[in-house]
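Since each chain sits alone in its own frame, please combine them into the complex, following the hints.
In the order they appear, the protein sequences are chains A and B. Quick note: the first sequence uses my numbering, first residue 1, plus one each step. Quick note: the second sequence uses my numbering, first residue 1, plus one each step.
Simulated from the structure, these hints should not be mistaken for laboratory data. Being a predicted model, the structure only gives us computed values, none of them experimental. Mixed in with the good hints, there may be bad ones.
In silico lysine to any residue, SDA-like type, Cα no more than 25 Å apart, as pairs [as the list claims (entries may be wrong)]:
1. Lys173/B <-> Trp27/A
2. Lys162/A <-> Ser356/A
3. Lys448/A <-> Pro372/A
4. Lys90/B <-> Leu169/A
5. Lys106/A <-> Glu174/B
6. Lys162/A <-> Lys90/B
7. Lys106/A <-> Ala92/B
8. Lys106/A <-> Leu158/B
9. Lys162/A <-> Glu174/B
10. Lys162/A <-> Ala154/B
11. Lys162/A <-> Gly87/B
12. Lys162/A <-> Phe159/B
13. Lys103/A <-> Thr169/B
14. Lys103/A <-> Val176/B
15. Lys162/A <-> Thr169/B
16. Lys323/A <-> Met203/A
17. Lys437/A <-> Gln296/A
18. Lys162/A <-> Ala92/B
19. Lys103/A <-> His172/B
20. Lys162/A <-> Asn91/B
21. Lys173/B <-> Ser157/A
22. Lys162/A <-> Leu94/B
23. Lys162/A <-> Met203/A
24. Lys405/A <-> Gly269/A
25. Lys162/A <-> Ala161/B
26. Lys106/A <-> Arg177/B
27. Lys162/A <-> Leu170/B
28. Lys90/B <-> His30/B
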Amino acid sequence: MMQFLNSIAPMWPELVVAVGALVLTLWGVFRPDNDREAEVVSWLAILVLGVAGWLILSQPAAGSSLFGGAFIDDGFGRFMKILALGASAAAILLSIDDFRDHKVLKFEYPVLILLATAGMMMMISAGDLLSLYLGLELQSLSLYVVAAFRRDDVRSSEAGLKYFVLGALSSGMLLYGASLVYGFTGATSFAQIAQVAKGANAMANVGLVFGLVFLLVGIAFKISAVPFHMWTPDVYQGAPTPVTAFFSAAPKVAAIALLVRVVTSAFPGIAGQWQQIVAFLAIASMLLGAFAAIGQTNIKRLLAYSSIANVGFALVPLVTNTKEGVQGVLIYMAIYVVMTLGAFACVIAMRREEGSVEEIDELAGLAERNGPMAAALAALMFSLAGIPPLAGFWAKFYAFMPAIKSGYYILSVIGVLASVVGAYYYLRIVKVMYFDKPAKAFLPVRVKVGFVISVSAIFVLLFVIAPSPLVNAASTAAASFRY
Amino acid sequence: MWLADVFFYLFAVLAVASGAMVIMAKNPVHAVLFLILAFFNAAGLFVLLGAEFLAMLLVIVYVGAVAVLFLFVVMMLDVDFAELRAGFIKNAPLGLLIAGIVLAELIMVLGFRLVKPTTLAKATVPISTVAGIDNTTALGRVIYTQYAYYFEAAGLILFVAMIGAIVLTLRHKEGVRRQSIAAQVARNPKTAMEVVKVPSGGFTVPDKVVDNKPKEKVGA
Chain A
1 MMQFLNSIAP
11 MWPELVVAVG
21 ALVLTLWGVF
31 RPDNDREAEV
41 VSWLAILVLG
51 VAGWLILSQP
61 AAGSSLFGGA
71 FIDDGFGRFM
81 KILALGASAA
91 AILLSIDDFR
101 DHKVLKFEYP
111 VLILLATAGM
121 MMMISAGDLL
131 SLYLGLELQS
141 LSLYVVAAFR
151 RDDVRSSEAG
161 LKYFVLGALS
171 SGMLLYGASL
181 VYGFTGATSF
191 AQIAQVAKGA
201 NAMANVGLVF
211 GLVFLLVGIA
221 FKISAVPFHM
231 WTPDVYQGAP
241 TPVTAFFSAA
251 PKVAAIALLV
261 RVVTSAFPGI
271 AGQWQQIVAF
281 LAIASMLLGA
291 FAAIGQTNIK
301 RLLAYSSIAN
311 VGFALVPLVT
321 NTKEGVQGVL
331 IYMAIYVVMT
341 LGAFACVIAM
351 RREEGSVEEI
361 DELAGLAERN
371 GPMAAALAAL
381 MFSLAGIPPL
391 AGFWAKFYAF
401 MPAIKSGYYI
411 LSVIGVLASV
421 VGAYYYLRIV
431 KVMYFDKPAK
441 AFLPVRVKVG
451 FVISVSAIFV
461 LLFVIAPSPL
471 VNAASTAAAS
481 FRY
Chain B
1 MWLADVFFYL
11 FAVLAVASGA
21 MVIMAKNPVH
31 AVLFLILAFF
41 NAAGLFVLLG
51 AEFLAMLLVI
61 VYVGAVAVLF
71 LFVVMMLDVD
81 FAELRAGFIK
91 NAPLGLLIAG
101 IVLAELIMVL
111 GFRLVKPTTL
121 AKATVPISTV
131 AGIDNTTALG
141 RVIYTQYAYY
151 FEAAGLILFV
161 AMIGAIVLTL
171 RHKEGVRRQS
181 IAAQVARNPK
191 TAMEVVKVPS
201 GGFTVPDKVV
211 DNKPKEKVGA
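Here chain B stands alone, though its shape is the one from the complex (with noise of 0.2 Å):
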């Protein structure tokens, strides 16, 4: 039991202390990177505390996903992160205020817990392992029957995301050529060839292969 003990305090304070370091490095490459790995160590608290899937989600799509898209953002973007700090700085007492209620009702809350055990006994831990079955087969029993409703709309929500993504960033450029496949393979020497006489010593500029504007231009 000694052994689960340590791994969860060295997971924890790993995952505190990276934390600690995500707002405080002054690279924010580091900063991401330092993200990281505070979800790798709460990855690791999810398997100490039996829940593997989760686990295995946090780490392939956080860190696969979301924090390699961080690094993308970070690299790309040009931000002048000593002008941030300066306006850290302005409101930080304003911050230490905030954070100083919110810990004082934080610790009223969870000091009520620990002085009173009837208070405690009435945090109830409603999740039982149930013998035999794995939490990502647990899951999966549920996910698709009794939280079908759920799963829908949480895909139905993802659905306005992409939507709102495409309605408020795409536009349609003017003149911009893009391939038509099946243009392409419509074509036949009819329509992709003409023959044009061209007068001797002057130009002509053929109607069909450039543009669709109307143009017949014969010079000499």
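With the rest of the complex left out, here is chain A (with noise of 0.2 Å):
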């Protein structure tokens, strides 16, 4: 018995994590059934997330990979199921009193969303188009039923409908790149794949070039890069605000992984089919995010235009198919997820007897009724904005430095432009909550939000002094690939 857990120890996190899950389900379905025992699975979920965190930070450095290759571990991996775990367990801290008052704090919500931690986990780690697909749907159907959680709300349960609709006809697609691509290679293992994508013939392949191109529309559609980004601000709005907290950072962040595990390790023979289609979704993606986000009024509305215009600047650095350009993917999505786990947070304390509130008007004078909230939530719109020294600016600066020393001039200078005219809104915010007539003030922000407002606030303020540690994780997570 241990010499099996001993050859499996690579995948210990994983198993943890949906071991979590099955006995959390049964401690929830054995205990009463009242909000004291949800909060207690919250919390014993949260445990199980740390205890795999703590597994994958003590793995050997070296990286192994299990099954025939279709689970691998290498830093790249642990590096993004770090950043996984960490925004899964700020979405349960973050849910608990809210759905407390909305009166759906139930044990399911934990173990659901160990399960898509555990399908995201899947996903970094695939190394096969079947592991690929199955942690994809596995996190996938999870997200599905978290969006539509307020069941009986009739905007949540439209989100939850919307998102699992349009997330079948792009799991649909993705399978039928999968197949086309295994079609034409004979291999469904990503190293295989590239053994035989490569070299001129591989160039003119067509049915490989579609293939991959149906494979990249999949993940495209799941990290809400343009154009398949339709879903994105319904859902956002509809589901719950935990959930779009949920929604902006853990599984973006997988998705990116996936993205670019499959375009650096299985189709690295033809990197120029693949650059065109990623520069087009970061091009596309940021000039939306940008300009579409002007007319919101409603800021789950807003902070979903904004992830996908984060998207679009995240993916500019792997267009480069550089070292320096998955490190850059990489700081991209550490920053971005501290950064709309905060803004989501305090949306989340947007309440007040009534309810909670979304207008981006109700933060009027937030300034003077609850200055530390409006100074946290000014430093993050700040940061979002990339005003230096703040994290975001040191984001976009990692995400485009590579792309200028590789020469992608012109992609750089459209990113540049779409971040000046992203500013645009994020300041309308902080004007708005300091020098607009004060509205009615908020209820006092809860601890739990509270801390996550203020971790990440301090983190993107004080970024600029210690910035090494993440830089150095990041490059040396890069180096799990061959270029």
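Here is the structure:
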């Protein structure tokens, strides 16, 4: 038994999360059905995620793979898994009080988040088209359910249904692409695909390129890159706010990781083909995210467009197909996750006696009513806008530097222009908070939500003092691939 | 060999024809029955390919379970198919356009393969038949060993589906009386019976038997 467990040591973190979800389900079923028990399960779920994170950190530095390359454990995967685990834990933490207010605090939520996280870890570690798909479905199915978690709320149900229908469509495209790739390379494992798909023949192989395109379409839907972003604003607005916070953080990390791994480890031989596609996705996402957000009055919709734009920025360095590029993606995603969780935590804190509010105008004069929250949100908005010396500026710095070094000037210029346009709507929130006539005060910020807000605000403010741990970790992680 | 060809074309033509009938049949029950026919023909094609196990799965799972479920749903839900069809006609031009584009793409991909033998050679057939092992045995050998990871992941996905269905639809109704066998077994004369004094000419409502509401009504 011990020998067997040792032989699968690289996937202990996944096992801990999956088994933890099963155990917590049983726990939840056999305990009384009330808010207190659901909160206990939430804390236990965070504990499970913490244990999994600790196991990931204690793994040997040298990578390994299991099940004939279906499961890959390497530095890149560990970096992304830590991010995904942290974002999931924060999402559970944010949900407890909000769900209690809306009377939907149930033990199934943390369990579904754990299962989604297990799916994300499978996606991040996927070294084979089959494990890619199974991980993606495990994650997506859990997400569809949590989107509709407030089942008596029309918008939440609509969000769940819309996400489900469009997600199923994108999964179909991804599968079609996977079957084409399999048909034209004769392999499902990324390493074998990479061996077949190289050279001039592969570049001219229309079937293979078709497969690649459909595969990327499926993944682009999951990261909500333009033109596959249509579902994002509606789902983000309709889903309960803690769920939206979760959507904008952990699943994005996993899907970006999947995209990076697929293109760099399965298709390095036909880099020219996917570089064009990724460049288009990046430019379209940055531009649409910047312009479409301007007219929004609902802060959740605004942050949805913001997340679309941010995915565009994260894809910019990937286009270069270099180690620095992947490092840029990793740094960008790490900083983005902290910023978006902080921003959504502020949205969760927007509540009055009559319920939660989501309009930007409700933030008017927040600086007078609740100075610390306004300051934290302002710091996050400045950071999202990319104003130095906050963390968001460094994220963009590390994203655009590789692109400029590799000579992608047009891409970089468009990116910088889009971020200037984006700065308008981020700064508008700051203006509303500090210079508009005060609206009615919010209820005091709860401890758990306040904790997330403060951690993210402190991170964006102080990142400039000690950027090296994150930068070095990303650099080590990016060295997992051959370029 | 020609017998196999004959059966291939028989199954293939019937599969395509019944597939077309699924969307063209006026009566939804007929549509489901044609779907079952399509499944059977696809199973026949699998048998010709030497994949008996898949063929049996298709018949047992899809025909035996999924299609029967469809039949139930179609018969129990009162769907106005005339109304659905109106939308179909309205959206037909767009649908035809998309279908045309996809068809053109397919012809491009497949035509490429037909025209150039070098491209055709790249499309490899990785499944090799192993002598002396039928494919059920072959599947059994790998599915719990080499593919255990996928197998367990598929199990987790089904688990998510189960939790999702329960969490989104189950409602605990108030005031529903459920059978509790443990409580029934644990009854004894002391807890199950109550002796009350009924005043002559009046009535009384016993304490424990009806609900658990505290009441002691004695009236005249």
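Each hint tested on the structure:
no., hint, result
1, Lys173/B <-> Trp27/A, "holds, 22 Å"
2, Lys162/A <-> Ser356/A, "holds, 23 Å"
3, Lys448/A <-> Pro372/A, "holds, 15 Å"
4, Lys90/B <-> Leu169/A, "holds, 22 Å"
5, Lys106/A <-> Glu174/B, "holds, 18 Å"
6, Lys162/A <-> Lys90/B, "holds, 22 Å"
7, Lys106/A <-> Ala92/B, "violated, 45 Å"
8, Lys106/A <-> Leu158/B, "holds, 20 Å"
9, Lys162/A <-> Glu174/B, "violated, 31 Å"
10, Lys162/A <-> Ala154/B, "holds, 24 Å"
11, Lys162/A <-> Gly87/B, "holds, 20 Å"
12, Lys162/A <-> Phe159/B, "holds, 22 Å"
13, Lys103/A <-> Thr169/B, "holds, 16 Å"
14, Lys103/A <-> Val176/B, "holds, 21 Å"
15, Lys162/A <-> Thr169/B, "holds, 17 Å"
16, Lys323/A <-> Met203/A, "holds, 22 Å"
17, Lys437/A <-> Gln296/A, "holds, 20 Å"
18, Lys162/A <-> Ala92/B, "holds, 23 Å"
19, Lys103/A <-> His172/B, "holds, 14 Å"
20, Lys162/A <-> Asn91/B, "holds, 20 Å"
21, Lys173/B <-> Ser157/A, "holds, 21 Å"
22, Lys162/A <-> Leu94/B, "holds, 21 Å"
23, Lys162/A <-> Met203/A, "violated, 36 Å"
24, Lys405/A <-> Gly269/A, "holds, 22 Å"
25, Lys162/A <-> Ala161/B, "holds, 17 Å"
26, Lys106/A <-> Arg177/B, "holds, 23 Å"
27, Lys162/A <-> Leu170/B, "holds, 21 Å"
28, Lys90/B <-> His30/B, "holds, 24 Å"
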